[in-house]
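Let the hints inform the model, and build the full structure from the sequences given.
Protein sequences appear in the order of chains A and B.
If you count the first sequence from 1, you need to add 12 to reach our numbering.
One point on numbering: in our numbering, the residue at position 64 of the second sequence is 47, and numbering is uninterrupted.
FYI, nobody ran anything at the bench for these hints, they're computed from the structure.
Keep in mind it's a predicted model, so treat the numbers as computed, not measured.
The beta carbon of each residue, even a glycine, is placed where N, CA and C say it ideally should be.
Nothing false has been slipped in among the hints.
So, partial list: chain B residues that the calculated Cβ filter (under 10 Å) puts toward chain A:
hint : residue
1    : Y0
2    : V3
3    : L6
4    : L7
5    : G17
6    : P18
7    : Q21
8    : D23
9    : D77
10   : H97
11   : G98
12   : T100
13   : R110
14   : G111
15   : E114
16   : A117
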Amino acid sequence: VWGQWDAGWLGWTAAHRAIGVTGLDVVDGIQQIGRISGMWWARRGVAVLTSHPDHIHQDPAGRLHNETGAAMRWPDGWSIWAWHGRRVPEWVITDPTPERIAAEANVEIRRCAIEHMGWDRWIDAVGLRPIASCDDPGNPGQTLDLHTLPDDPDTLVLLVTNGSPERDGTRRRYGLPVPATCRTPLEAAAWTYDIDPTLYAQIARRT
Amino acid sequence: MTMTLTDIETLAGRECYGHVRELLADVEVPVLGGPQPQGDLLAVPTDRHHDDSAVDVPRAGVDIIEAVNGGHAHTLIAPDGGATVQVRRPTEADDLVLAVIECTRPVYLLHAEHGATGLAAGRWEIRGQREFDAAEARRVAD
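See the structure below:
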């Protein structure tokens, strides 16, 4: 049960009661708990209530976000970290390093950590060297950029750009590891979907 | 029948982000017969048929890729019916085909951050994207 997070709906029912609507007794308990508890869980014979968080940080778009600490923190110290609405592990916010980024399997979490570091700083830090670039089919004005990694002869990194802009007009970038057997950016992009490069070249529209 | 993003959102009963709607709300969504990526998915024409687990695609759509990690679902919508989809759960790392679609009318893929993608009548594979893991590749090769 959402507790205080249901304040809008709980207030709506309270207002109805205040103007004389009857039959709302069933929400009495939920309303009382909503005043004192955050999310809570009811089980047979036992209920788990949580306290309200001490703080909540958001970006201007209203998404959970804090560049310097927890996005939400509860009085006992339990916290969650978030980057523009994407929930991330603590290290992404407090200590994003190239080593941790390389060890992270989730491409979205890597993107958040690299954005926090800054793409330019990250590219310098890991020593990415551009070897080839071409237009991204179906993604006007964007390129596919293939890079080598200094300490890993088996892997190349393909930098790609989202087909859809963000709220502020910028586009998300992603670094995708591909095998060094890929000889061109187009081959590398096709490899990520396991299709023929000639088919990838036919892409007319990316969103 | 041509469809705008707003038409498709109305059918699906869900809306894209405001900044996506600002750009695209009243623009006709192109229906194409070639490969089209949407985010990290790629729709590609295929010769493959789906199996017996395929289901009809409702006009209001069905999520073929669920929302995970605070992300968003990819929803498949068949405004004129005539479409079936097999949703797959591949277990092998190099099996990237997440869904197989057969349609006699255009279908649309909708995503909150990417808007709508129109797929012409035919057979389609929806492929996920993979990444290379040198350590894993070396392990497999050993």
